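Peer 1: Generate the whole structure from the sequences, applying the supplied hints.
These are the residues of each chain, in order.
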Amino acid sequence: DQQVKQNSPSLSVQEGRISILNCDYTNSMFDYFLWYKKYPAEGPTFLISISSIKDKNEDGRFTVFLNKSAKHLSLHIVPSQPGDSAVYFCAASEGGGYQKVTFGTGTKLQVIP
Amino acid sequence: AAGVIQSPRHLIKEKRETATLKCYPIPRHDTVYWYQQGPGQDPQFLISFYEKMQSDKGSIPDRFSAQQFSDYHSELNMSSLELGDSALYFCASSLGRGREQYFGPGTRLTVT
Chain A
1 DQQVKQNSPS LSVQEGRISI LNCDYTNSMF DYFLWYKKYP AEGPTFLISI
51 SSIKDKNEDG RFTVFLNKSA KHLSLHIVPS QPGDSAVYFC AASEGGGYQK
101 VTFGTGTKLQ VIP
Chain B
114 AAGVIQSPRH LIKEKRETAT LKCYPIPRHD TVYWYQQGPG QDPQFLISFY
164 EKMQSDKGSI PDRFSAQQFS DYHSELNMSS LELGDSALYF CASSLGRGRE
214 QYFGPGTRLT VT
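Just so you know, the protein sequences line up as chains A and B, in that order.
Be aware that the first sequence starts at 1, since it is given in our numbering, and climbs by one per residue.
Be aware that the second sequence starts at 114, since it is given in our numbering, and climbs by one per residue.
These aren't lab readings, by the way, just hints derived from the structure by calculation.
None of these values were measured; they are calculated from a predicted model.
There's no promise every hint is true.
As the list claims (entries may be wrong) - Derived DSS-like pairs: lysine-lysine, alpha-carbon spacing no greater than 30 angstroms straight-line:
| hint | chain 1 | residue 1 | chain 2 | residue 2 |
| --- | --- | --- | --- | --- |
| 1 | A | Lys5 | B | Lys128 |
| 2 | A | Lys108 | B | Lys135 |
| 3 | B | Lys165 | B | Lys135 |
| 4 | A | Lys108 | B | Lys170 |
| 5 | A | Lys56 | A | Lys108 |
| 6 | A | Lys5 | A | Lys37 |
| 7 | A | Lys5 | A | Lys54 |
| 8 | B | Lys170 | B | Lys135 |
| 9 | B | Lys128 | B | Lys170 |
| 10 | A | Lys54 | A | Lys108 |
| 11 | B | Lys170 | B | Lys126 |
| 12 | A | Lys37 | A | Lys56 |
| 13 | A | Lys68 | A | Lys56 |
| 14 | A | Lys108 | A | Lys71 |
| 15 | A | Lys5 | A | Lys71 |
| 16 | B | Lys165 | A | Lys71 |
| 17 | A | Lys37 | A | Lys71 |
| 18 | A | Lys68 | B | Lys126 |
| 19 | A | Lys54 | B | Lys170 |
| 20 | A | Lys68 | A | Lys5 |
| 21 | A | Lys108 | A | Lys5 |
| 22 | A | Lys54 | A | Lys37 |
| 23 | A | Lys54 | A | Lys68 |
| 24 | A | Lys71 | B | Lys126 |
| 25 | A | Lys37 | B | Lys170 |
| 26 | B | Lys128 | A | Lys71 |
| 27 | A | Lys68 | A | Lys108 |
To be verified - If you want the footprint, here are the derived chain B segments under chain A, 3+ residues with CB under 8 angstroms:
| hint | region |
| --- | --- |
| 28 | 173 to 180 |
| 29 | 213 to 219 |
Heads up, the beta-carbon is just placed ideally off N, CA and C, and yes, glycines get one too.
Peer 2: Encoded structure:
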């Protein structure tokens, strides 16, 4: 039972353009969402997060949007850079503190110079 | 800035052997999580500890055990290894109820 889903296994974007990575979840108890970036042979690197009380959080080139009614979130990267090429995992957790993170299946982003 | 340290980075074991993976959290982080990522899969939560007590448990086999020590480092002990245990094992740490978990580089376990 995949509670966090990333339906696009891969995405290619031209350098300088916007990258939009999508994520859907099924567990309505999730109240905190995170995006991680992962390079081969490295651990996931935390990028940005959003609490369910917000619908948008921005950090530099990265913006996460949350649509609770649709159980959908997205990560926007503007402008995309070749160094952004990696696998991006959407993740979610529920409740307060000490909670495990449930990961999506990942989207491999390739930014073409 | 100091990150999560995992050792060893690579480990090769035979079936039915035992393995011990170590995790050193970011300084002052008191919560440790273990995840397993099989080939082509997303990381799956195994177990977590807060202040040396188990705080949550996921899909960890009974053959595996873990603990967190007084210096907050954690060890994942794996016995009677099976071929299917071959995976990347990630450790992550956080500060108390902090929702962001910071991951280590992982230990790649290969069981032959």
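Peer 1: Determine for every hint whether it applies to the structure shown.
Peer 2: Results for each hint:
no.: 1; hint: A:Lys5 x B:Lys128; in the structure: violated (33 angstroms)
no.: 2; hint: A:Lys108 x B:Lys135; in the structure: holds (29 angstroms)
no.: 3; hint: B:Lys165 x B:Lys135; in the structure: holds (15 angstroms)
no.: 4; hint: A:Lys108 x B:Lys170; in the structure: holds (29 angstroms)
no.: 5; hint: A:Lys56 x A:Lys108; in the structure: holds (23 angstroms)
no.: 6; hint: A:Lys5 x A:Lys37; in the structure: holds (16 angstroms)
no.: 7; hint: A:Lys5 x A:Lys54; in the structure: holds (21 angstroms)
no.: 8; hint: B:Lys170 x B:Lys135; in the structure: holds (18 angstroms)
no.: 9; hint: B:Lys128 x B:Lys170; in the structure: holds (25 angstroms)
no.: 10; hint: A:Lys54 x A:Lys108; in the structure: holds (26 angstroms)
no.: 11; hint: B:Lys170 x B:Lys126; in the structure: holds (25 angstroms)
no.: 12; hint: A:Lys37 x A:Lys56; in the structure: holds (19 angstroms)
no.: 13; hint: A:Lys68 x A:Lys56; in the structure: holds (11 angstroms)
no.: 14; hint: A:Lys108 x A:Lys71; in the structure: holds (22 angstroms)
no.: 15; hint: A:Lys5 x A:Lys71; in the structure: holds (11 angstroms)
no.: 16; hint: B:Lys165 x A:Lys71; in the structure: violated (35 angstroms)
no.: 17; hint: A:Lys37 x A:Lys71; in the structure: holds (21 angstroms)
no.: 18; hint: A:Lys68 x B:Lys126; in the structure: violated (45 angstroms)
no.: 19; hint: A:Lys54 x B:Lys170; in the structure: holds (29 angstroms)
no.: 20; hint: A:Lys68 x A:Lys5; in the structure: holds (15 angstroms)
no.: 21; hint: A:Lys108 x A:Lys5; in the structure: holds (14 angstroms)
no.: 22; hint: A:Lys54 x A:Lys37; in the structure: holds (22 angstroms)
no.: 23; hint: A:Lys54 x A:Lys68; in the structure: holds (9 angstroms)
no.: 24; hint: A:Lys71 x B:Lys126; in the structure: violated (42 angstroms)
no.: 25; hint: A:Lys37 x B:Lys170; in the structure: holds (25 angstroms)
no.: 26; hint: B:Lys128 x A:Lys71; in the structure: violated (42 angstroms)
no.: 27; hint: A:Lys68 x A:Lys108; in the structure: holds (25 angstroms)
no.: 28; hint: 173 to 180; in the structure: violated (count 0)
no.: 29; hint: 213 to 219; in the structure: holds (count 7)
In this structure, the earlier hints numbered 1, 16, 18, 24, 26 and 28 are contradicted, and the remaining ones agree with it.
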